[in-house]
Amino acid sequence: MITDKYIAKIEGHGSLETDFSKSQVKLHIHEGERLFEGLLVGRTIEESHWITPRICGVCPIAHNLASLRACEDGLKIEISETTELLRELMVCAQMMQSHALHLFFLSLPDYLGIDRGTELAQKNPKDFKAALDIKEVSDDIAAVVAGRNVHPTTTTIGGFHKIPTREQLEKLLQKIKQTRASAGRALNICSKIKFPELKVDLELVTQKKEKILSNKNDPSTPLRVNPSIKNYKEVITEEIRNYSTAKFGGYKGREIMVGALARLYFSDHKEKEILDFQNPFHNNIAQAIEILLYHKQAGKILEQLLASKSDFDGTSKSDFDVYASEGIGAIEAPRGGLYHELRWNNKGIITYANIITPTVQNLTSIEKSANALLEQNKEKTQKEKERLLEMLVRAYDPCITCSVH
Amino acid sequence: MGLKPKVAIYDFTDCEGCEVEIISLRERFLDLEKQVDIVDWRLGQERKSFDSAQDKYFDIALIEGAPITQDEIDTLKWLRENSQYVIALGACAALAGIPGIMDQEKRAGWYKKIYPSTSSGQVYKPKGIDALPLSAYVKVDFAIHGCPVNAGELERIFEELLAGKKPSYRPYSVCFDCKRAGNECRIINKKICLGPITQGGCQAICISGGSPCYGCFGPREEANVEGLKQALKKFADEEEIKRYFTMFYNKNEK
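Chains Y and Z, in that order, are what the protein sequence lines are.
The first sequence: position 304 = 304 (the numbering used here), numbered continuously.
Adding 1000 to a residue's 1-based position in the second sequence gives its number in the numbering used here.
Be careful, since some hints might not be right.
Stated by the list, open to error - Computed footprint of chain Y on chain Z, listed as stretches where at least three residues anywhere in the stretch have a Cβ under 8 Å from a Cβ of chain Y: (1) 1004-1017; (2) 1112-1126.
To be verified - Here are the computed lysine-lysine pairs in the DSSO-like style, where the Cα-Cα straight-line distance is at most 27 Å: (3) Y:Lys347 x Z:Lys1190; (4) Z:Lys1127 x Y:Lys317; (5) Z:Lys1113 x Y:Lys5; (6) Z:Lys1077 x Y:Lys252; (7) Y:Lys123 x Z:Lys1004; (8) Z:Lys1077 x Y:Lys5.
None of these hints come from the bench; they were simulated from the model.
Ideal placement from N, C-alpha and C gives every residue a C-beta, glycine not left out.
Chain Y extracted, bound-state conformation (with noise of 0.2 Å):
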């Protein structure tokens, strides 16, 4: 049959190329190329957050943030600190959107014993329940804030074209101390799931105060001296293999797993204590572990803003003259860290747009742990290689429409 050949239950195209004689595997993209780092060229810097969101329906609001990050960035714009506090709140909303989507839809179907995700509402009504109540509050928190559940509206360079009312942070408030335990729910169904083991030498890589970090940089080395994120490039690097549409990303050419599981390690978070950070798919776990912790942030970010004086009545917007500059935006989005690199014109026409995108990244330790799963699963049927292999790729949470942008 024509269709069978992809991976079901991941965001966008891929298949695998599976030597099981030599334990190897190839991840095959087949999205077909958008060229967003071309169609960018030509358009004003003020259609750039527009445009790629569009990048990826499942975080468009990291795409929008970072393109804004990079639009301030090149043209020196301070914004304001209600304006600061809004963005975090919509990456709270992104976060849990996002996981909560990829954990209850595509991923834990193969633990649930179901298929399709919506299955669960007959399985188990309480769980599903979870799930739709992090999806709804979710998707109100960017409704409010960013305009739309997917592809913002209201964000503008410098802040935002409109802002939300008090009563409507209001409501947000109430229904985030309503779904609490929801979020703490989802976090209960992914500890009480035996995961299969798997052990790999992850080299996990994050974004954290203009950095970027790697476990298996030398854990004594003070945060100042790792690598800034304004030197991505040298970094982040980038290759093309001849089965992809999309690049294989790297640290410096090493296999790096970025997301959920390696923004924890890097954190403080008490909850990380029942992760393993060298099996990949504990992925899934710390996913469940940051839709409990944005929960909480989001109901703390709203109760700064409540608290402040600001009147939210109409925009919070930094006002800037425009010319001819290049900036780096870079942000932390649900599957690991995204780089948004833009120069224009005196204009604000666009001239040159690079993008780096977290499943690029994480494509390589994809194959890199698909390998040593057949390696450590040799006494296995081919059928239960196959089954482990695929969800070891939705473990990741790879984003292919994101990587092939």
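Using the hints provided, position chain Z relative to the given structure of chain Y.
Same frame as chain Y, but now just chain Z:
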């Protein structure tokens, strides 16, 4: 259509945001789901069940994305042959969307820049041909518009389909939605807007958020495109106007 229409959901090259909108219907999606049999949906399930005894595998094929690669074009033709109704889901399928900004003749140059050959001599082999709407290759029975699609419209159109009716387009432009939303008129404020020529149903969500309208809902019937262009020329230069008309309409301009 049988009692429970057989539905396939496919996606070609795009952001998959319209499928995200389907899932974002949440409880309402559960209701819709009960009324149909989703027999093939790569993003949502592994199950694929084709009843070969049937004349056509699918009553409804919902297709998201622009068919850019040969493989996608072939799949699209196969879907057309095997489906009663082919429905474009969202701007990429209906209009070529954002990927359609890229002109075909410029692709070769961008491939070289974006996928540079390696020092070891490896050269990238492009897969994409051109970003075109579904209708460039097959007959499309209906389009659910938007970038992304609007949840309310999605529900309305599905209900019409399930009631056995041919779904209808909104007989008004975005201006109607925009007035109802209480927005100031962008054109009166000397800001470019494609709302007047664009089909309504979006609730003017972008303009309400402060963003422009680039016309993702597609041109409405008998839209006076030339008239709008003339009006816009009074305050905007040609380059600027062209940028608006090439956001979603690059492959559709009449």
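Going down the list of hints, with the structure as the test:
With a cut-off of 8 Å between beta carbons, the segment 1004-1017 of chain Z has 7 residues touching chain Y; three or more are needed, and the interface restraint holds. With 10 residues having a beta carbon nearer than 8 Å to a beta carbon of chain Y, the segment 1112-1126 of chain Z meets the requirement of three or more and the stated coverage holds. Only pairs whose Cα atoms come within 27 Å are accepted, and Lys347 (chain Y) paired with Lys1190 (chain Z) is accepted, the gap being roughly 19 Å. A distance of roughly 42 Å separates the Cα atoms of Lys1127 (chain Z) and Lys317 (chain Y); the hinted pair therefore is violated under the 27 Å criterion.
A hinted pair counts as satisfied when its Cα atoms are at most 27 Å apart, and Lys1113 (chain Z) with Lys5 (chain Y) does not qualify at roughly 30 Å. Restraint check: the Cα-Cα separation between Lys1077 (chain Z) and Lys252 (chain Y) comes to about 43 Å, which exceeds 27 Å; the hinted pair is violated. With a C-alpha separation of about 22 Å, the suggested pair Lys123 (chain Y) and Lys1004 (chain Z) falls inside the 27 Å cut-off, and the hint holds. This hinted pair checks out: Lys1077 (chain Z) and Lys5 (chain Y) have alpha carbons roughly 17 Å apart, not beyond 27 Å.
When the structure is compared with the earlier hints, violations turn up for hints 4, 5 and 6 and for no others.
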